[in-house]
Amino acid sequence: MCVLGCGHTVSPSLPASPPAAVSVVLAGPAVAADSLRVAATDSFGVDLASHLAAGAEVSVVTDRRALDFIDGGGDVLVTDRASVIRYASSRADYATIALPWDRQYAFVSVSQLPIENVVDAVHADARPAAERCPVTVIERTLTPARVLYPASDSIARSLAERLVGLNLAQRAAPIGRDALSDTTVSAYIVARPIDSASCDIGALHAVPLVDTRSHLIVRRGAVGVVADTTGRIRLEIAP
Amino acid sequence: MSFRTRLFIAFGLIAIVPLIGLAIGVRRELEARLTTQYQSRVAALAAVTRTDLAQTSAAVGDRLASLRDQLPDDERLRAALREPGQRAYLLDYAGQAMRMTGLDMLQLQDSAGRILSSGQFRNEYDRLDPSLPHMLDRGAALVNARTPDGPRLVLARVDSARIGDRQIRLVGGIAVDSAFLDRLRTDSTLTVSLTAHQDAVAEIPFPFISGDSLSTKQFVISHPSTDLEALRQSVDRWFVAAVALVAIAATLGAVILAARVGQPLATLAAETERLDLDRLDVNFATTRDDEIGTLSRGLGALVKRLRSSTVRLKEAERRATIGDLSRQVTHDIKNGLAPLRHVLRHFDQVARDDPGALAPIYAERRATLDASVTYLDALARNYARLTPRTEPQRVDVNAIARSVVVPDGMTLNLVLDPAMPAITADPIVVRRIIENLVSNAIAAMGTRGTLTISTTNNGCLTIADTGRGMTEEQLAHAFEGPGLGLSIVRRLVTDLAASLRVETAPGKGTSIEIAFT
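Here the protein sequences come in this chain order: U and E.
Positions 1 to 239 (the working numbering) are the ones given, in order, by the first sequence.
Positions 240 to 756 (the working numbering) are the ones given, in order, by the second sequence.
Bound-form chain U, shown alone (with noise of 0.2 Å):
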């Protein structure tokens, strides 16, 4: 049933043999693939969009690029960024759509610390980790020098300097060619995929801190988009 701008046929990718209750979100598609203007403010957004948009050159913008990239005209943005996601959804010519919870950011060392308060740590759409891993050992054993978290995620970085805030580890610091040599490091703060979330890696103890997830912001007009019963989104595309 085609609800809004309805004419295109549905993504391939995407399961054969749907539900009965498919809707459409957005009318379209007016623009081809090969001609979208696809971006996204992570590696996580990017796989994303390049799996909704394929055939589209997916770019990598920062939370700025992203505000100037929707004020530009830009097709199709995935972005898990607060502020871009507000932004979006104050713009009439622009349709927010959230995405599943699929990202976890755990904090991981020898410890096991019952962590709490960490979502407003984030510029992003989280919540509280919905999964909770078993604390054993209360007391603190070691305090780390240092909390390491990869150099592009500025959801990582905030989450370790909320850590060093809240006393659980000396400094922030991103992972560095030397993170490896350094003996001193026992901590991390990992993103990972929701559903492929353990409580420990190898001899370390993973304390789950927020879940987060991205939006599709899409220009009206630009694409269709598809939502099926599942939750299950697609883009349809001008062929």
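Keep in mind the hints are simulated off the structure, nothing from the lab.
Glycine included, every Cβ here is placed at the ideal spot set by N, Cα and C.
One or more of the hints may lead you astray.
[Stated by the list, open to error] Now the in silico label distances, taken between C-beta atoms and shown as ranges: (1) E/D313 with U/D71: 23 to 31 Å; (2) E/G450 with U/R171: 13 to 21 Å; (3) U/R91 with E/L453: 47 to 55 Å; (4) U/G202 with E/D416: 35 to 43 Å; (5) E/Q294 with U/D195: 55 to 63 Å.
[Stated by the list, open to error] To give an idea of the interface, some chain E residues facing chain U are shown, with a C-beta separation under 10 Å as derived from the structure: (6) N362; (7) N383; (8) R385.
Take the given structure of chain U and dock chain E to it, following the hints.
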């Protein structure tokens, strides 16, 4: 010490010593002035630094006051303070406000001291730090603000705003980092730091909050001592160079002066050494008009006077020699005539008393007459030549001794050793020696006495009298005076390479021994 060395020392004393004194004085004065100037600069920088710190503190206060006035008007902030769902705005507020106001630290704290929003450390929210705003109420202070990368030293102040019924404490500040310290430095040679430094010249205390304690941190103004030391070394190098230059100049001057002054003096000395009474042809003529010329002309005049004096001296010596020679001739002739006179008196007495014995007496004394005549003849020939030419031959001293005749009233005692060896000499000279000694002995005895002539087999001749003898003083002067008997004897004995010994005492006569071998 040579003249050149003296010149060099004089140059050293005149040039180098004053130069060293001047250099030391200049160095001291320079150091004193530099120190004064340096202290003024340090004091000025300290004053400027205090002013800058006060201005920075005032600027922080102004920015916080601006925020304080603006805060209650922000309805989103009000909402964020009230509704947990709007908390993101609150957490980001301090960071944005900090950047907008140009502060390096800004944190909003509630009345309990809980950090609501932190600009320098966004994710430090909810940490309790009630002591910081409380201690900053006393005034600006340095604090170690927390950041994710570590502590950051900040000059901080505190202000308060009221939003509704909530009091918000605003703690803000400017980072005191290397850039800030560089801005405080108005003198390129002075540095401002917060760490103790061995070259520290001034310290400016400033309140420092660390945790819950309030202490003092020092802004240290330092000056690299190497600069002043380099200046000193530069002055010393120039000073050493100047001394070396003057020393070289002094050496060259000494050498040149020694050459110009010492060489003429050395030449004068060499010419003067050539001077002798027999060689007064040294020429001291010069055209120099300096002291050397004056000295040369003085020496020339001296030589001229010496020449004149020498001429007069030689004339006087010639005259004295002639007189001496005359006296000697007279003396020798008198000595030669004395035997003749004695023999003739004897003949006269015999002719008067016993004329018949005249012939045998004559025969007896003829040898004496012949010897005297021969002596006088030889004497005459020698003096005629003026330069007597000796003719060495074997001389029988005993024979000459036997020809000696003494006046009446005196006794002649001959103790002649036949083994007395003949000597090789001019017989006239030997006879003159004996005649002179006998003549002196007769004179010493007056009218009576005994004259003893003895010889020995080892070539010694002794003539002793019983006359008045001589004191030591008389003996000392006995051989003085040209033309006198003993002086002639001594000269003749010396010519024969013989030796002479005198034994005499007042009233005990005189004995003179001559060793011919």
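Hint check results:
1. E/D313 with U/D71: 23 to 31 Å: For E/D313 and U/D71 the Cβ distance comes to about 25 Å; the hint holds.
2. E/G450 with U/R171: 13 to 21 Å: Hint holds: Cβ distance 18 Å, inside 13 to 21 Å.
3. U/R91 with E/L453: 47 to 55 Å: Since U/R91 and E/L453 have Cβ atoms about 52 Å apart, the given range 47 to 55 Å holds.
4. U/G202 with E/D416: 35 to 43 Å: Given range 35 to 43 Å: holds, Cβ gap about 41 Å.
5. E/Q294 with U/D195: 55 to 63 Å: Holds - the Cβ-Cβ distance for E/Q294 and U/D195, about 59 Å, lies within 55 to 63 Å.
6. N362: The hint holds - E/N362 has a Cβ within 10 Å of chain U, the shortest such distance being about 4 Å.
7. N383: 14 Å, violated
8. R385: 8 Å, holds
The earlier numbered hint that this structure contradicts is number 7, and it is the only one.
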